[in-house]
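Participant: Here is what each chain is made of, one letter per residue.
Protein chains: 2
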Amino acid sequence: MTNTSAFKSALASIAGETNAVLDRLLPPVPGPEGRVVEAMRYAALDGGKRLRPFLAVASSDLFGVPRAHSLRVGAAIEMVHCYSLVHDDLPAMDDDDLRRGRPTVHKAFDEATAILAGDALLTEAFTVLSAPETHPDGNVRAALVAELARAAGAAGMVGGQMIDLRAGGLALDASGLARLQNLKTGCLIAIGCRAGAVLGGQSAAVVEEMGAYGLKMGLAFQIADDVMDVEGSAAETGKATGKDAAAGKATFVSRLGLEGAKNYARSLADEAVSHLGAFGEKAGLLREAAVFSATRRS
Amino acid sequence: MTNTSAFKSALASIAGETNAVLDRLLPPVPGPEGRVVEAMRYAALDGGKRLRPFLAVASSDLFGVPRAHSLRVGAAIEMVHCYSLVHDDLPAMDDDDLRRGRPTVHKAFDEATAILAGDALLTEAFTVLSAPETHPDGNVRAALVAELARAAGAAGMVGGQMIDLRAGGLALDASGLARLQNLKTGCLIAIGCRAGAVLGGQSAAVVEEMGAYGLKMGLAFQIADDVMDVEGSAAETGKATGKDAAAGKATFVSRLGLEGAKNYARSLADEAVSHLGAFGEKAGLLREAAVFSATRRS
Chain A
1 MTNTSAFKSA LASIAGETNA VLDRLLPPVP GPEGRVVEAM RYAALDGGKR
51 LRPFLAVASS DLFGVPRAHS LRVGAAIEMV HCYSLVHDDL PAMDDDDLRR
101 GRPTVHKAFD EATAILAGDA LLTEAFTVLS APETHPDGNV RAALVAELAR
151 AAGAAGMVGG QMIDLRAGGL ALDASGLARL QNLKTGCLIA IGCRAGAVLG
201 GQSAAVVEEM GAYGLKMGLA FQIADDVMDV EGSAAETGKA TGKDAAAGKA
251 TFVSRLGLEG AKNYARSLAD EAVSHLGAFG EKAGLLREAA VFSATRRS
Chain B
299 MTNTSAFKSA LASIAGETNA VLDRLLPPVP GPEGRVVEAM RYAALDGGKR
349 LRPFLAVASS DLFGVPRAHS LRVGAAIEMV HCYSLVHDDL PAMDDDDLRR
399 GRPTVHKAFD EATAILAGDA LLTEAFTVLS APETHPDGNV RAALVAELAR
449 AAGAAGMVGG QMIDLRAGGL ALDASGLARL QNLKTGCLIA IGCRAGAVLG
499 GQSAAVVEEM GAYGLKMGLA FQIADDVMDV EGSAAETGKA TGKDAAAGKA
549 TFVSRLGLEG AKNYARSLAD EAVSHLGAFG EKAGLLREAA VFSATRRS
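Listed in order, the protein sequences are those of chains A and B. Following the numbering used here, the numbering of the first sequence begins with 1 at its first residue and continues without gaps. Following the numbering used here, the numbering of the second sequence begins with 299 at its first residue and continues without gaps.
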């Protein structure tokens with residue numbers, strides 16, 4: 001088995017475990033409030049790649065963290081990712097009808113339910129992180145909450161979403177785009193890597209190294225998204241393509257050219273890998289994940 | 299000074315302290331993401347009564363908790379309350395243009411910014427609770443996070459909002475309405491009371507007693523809202539009145555009559571006070587708060 005197929009196999013395996021954990025963490029409920037839980041399940045159990053849970057679990061594995069803990073952290077991060085997609089797809093935001101080949105939540109349910117389901121997924125992530133089942137030490141649980149809240153909030157993902165909404169008027173250069181993406185998607189990709197070190201009781205320096213790996217692989221991941229928007233088809237990516245260009249939005253491809261964007265992604269993947277030096281062969285999956293992020297087609 | 303004026307004075311004083319804490323916790327930020335922080339500040343620094351922070355602080359005072367801790371917890375709960383108002387006011391939800399006499403966030407900014415500002419306020423609440431400045435013991439911080447997430451999520455506030463959206467088709471009786479309100483508003487009112495006991499290192503039994511007080515005073519508070527919707531004027535309440543009746547929504551007044559609703563609120567306030575028996579004179583402010591909730595005019 002090549003390294004890449006080892007990575008793809010691990011990604012699929014952790015995705016399966018993550019789906020089972022999410023299913024258990026979001027049981028259907030009776031009563032009229034059950035509709036919002038149905039919408040949460042629709043949003044969270046939709047068969048995404050589960051890259052963020054993979055990163056949480058694979059990073060935790062470096063430090064001998066039990067899977068029972070790292071899978072819960074991965075599921076919590078995925079809840080936040082899914083909530084952000086639900087809100088991003090709303091008519092007042094990106095106004096998307098299709099997500100991973102299915103109707104978006106506000107299309108399958110309605111706008112109000114989509115707003116509430118997003119809110120509740122975000123909230124539930126903190127229920128999961130703060131529960132003793134995630135880690136016996138409350139200090140670790142509180143640190144995980146602090147990490148996720150920072151990554152998801154105005155200084156992280158939401159800040160990036162705000163910039164993205166205004167990006168049409170900002171004429172961002174490649175460095176401005178990198179900052180936008182580091183906030184909008186990078187922080188939430190890096191949080192799984194940081195959380196692995198936190199769960200493993202590592203020093204702040206190790207947490208930072210893991211975070212630097214995650215941020216750089218996350219940026220490579222996003223640049224590959226821009227490349228796919230130009231090169232890919234809806235059948236491959238599961239969503240509408242050519243949309244960025246149609247919207248006149250600056251992308252890494254429009255700023256750096258197609259080859260320039262691909263090269264930038266590859267160099268970021270190399271930089272990401274350089275942060276894993278201390279972990280030797282144990283970090284093989286994470287190295288492959290960085291390569292995949294820079295070169296993916298879906 | 300009568301007890302009631304002691305309560306009103308304490309409420310105003312804690313509101314002032316809470317506003318100062320919120321102002322410090324939500325500093326303006328430069329850069330294009332600053333717009334979402336402006337909207338968060340607009341939503342959170344609008345001069346509400348700050349009943350939830352009052353309950354967090356007054357409950358904490360029973361157990362000798364330093365104000366530096368309880369004010370942060372109160373501010374975190376208020377962030378969640380404010381986020382819920384921002385999202386509730388959206389066109390896809392209650393579609394309100396006016397809140398506390400000012401344009402709602404989506405009117406003052408735009409819908410997308412309002413969605414993001416709500417998301418970020420909810421997230422920031424968990425940053426605040428998980429920080430060591432809120433309590434030196436991580437186990438206490440994690441417990442506070444768990445309490446707030448449960449109160450705010452699908453098993454609490456969001457669940458209640460979901461029921462409320464569907465209430466027109468549910469023909470709820472008074473007991474169904476009480477359940478709706480316990481979820482929609484009660485949980486987030488009770489959380490401050492519970493948090494005071496958690497911050498004070500009290501037993502689960504004491505946390506439950508405080509929560510029972512909060513839930514009952516919270517229901518009284520909500521029934522008074524229905525009474526005001528019939529009896530009040532927009533000038534007094536700072537929002538449109540007569541709206542429930544116009545929308546054909548079941549309310550405590552439509553189910554129990556005006557006097558029945560007032561009596562129910564008063565009996566709930568009495569029950570709430572009965573849960574404070576163990577705390578003697580120290581709980582005077584909380585007793586007055588229950589009476590105020592049942593009989594308020596704004």
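Just so you know, the hints here were simulated from the structure itself, not pulled from any lab data. Some hints could be false.
Unchecked claim - For lysine to any residue, the following SDA-like pairs were computed, each having C-alpha atoms within a straight-line distance of at most 20 Å:
no. : chain 1 : residue 1 : chain 2 : residue 2
1   : B       : K405      : A       : G31
2   : B       : K347      : A       : G31
3   : B       : K547      : A       : A92
What the hints assert, rightly or not - Label pairs and their in silico Cβ distance ranges:
no. : chain 1 : residue 1 : chain 2 : residue 2 : range
4   : B       : S572      : A       : R102      : 50 to 58 Å
5   : A       : E208      : B       : S572      : 51 to 59 Å
6   : A       : S9        : B       : A318      : 52 to 60 Å
7   : A       : P30       : B       : L556      : 47 to 55 Å
8   : A       : D46       : B       : R365      : 44 to 52 Å
9   : A       : G284      : B       : N437      : 34 to 42 Å
10  : A       : A205      : B       : S501      : 37 to 45 Å
Since the structure is predicted, the reported quantities are computational estimates derived from the model, not experimental observations. Quick reminder that beta carbons are idealized off the backbone N, C-alpha and C, glycines included.
Participant: Does each hint hold? Answer for all of them.
Facilitator: Consistency of the hints with the structure:
| no. | hint | in the structure |
| --- | --- | --- |
| 1 | B:K405 <-> A:G31 | 34 Å, violated |
| 2 | B:K347 <-> A:G31 | 32 Å, violated |
| 3 | B:K547 <-> A:A92 | 27 Å, violated |
| 4 | B:S572 <-> A:R102: 50 to 58 Å | 52 Å, holds |
| 5 | A:E208 <-> B:S572: 51 to 59 Å | 53 Å, holds |
| 6 | A:S9 <-> B:A318: 52 to 60 Å | 55 Å, holds |
| 7 | A:P30 <-> B:L556: 47 to 55 Å | 33 Å, violated |
| 8 | A:D46 <-> B:R365: 44 to 52 Å | 46 Å, holds |
| 9 | A:G284 <-> B:N437: 34 to 42 Å | 36 Å, holds |
| 10 | A:A205 <-> B:S501: 37 to 45 Å | 40 Å, holds |
Checked against the numbered hints given earlier, this structure breaks hints 1, 2, 3, 7; the rest are met.
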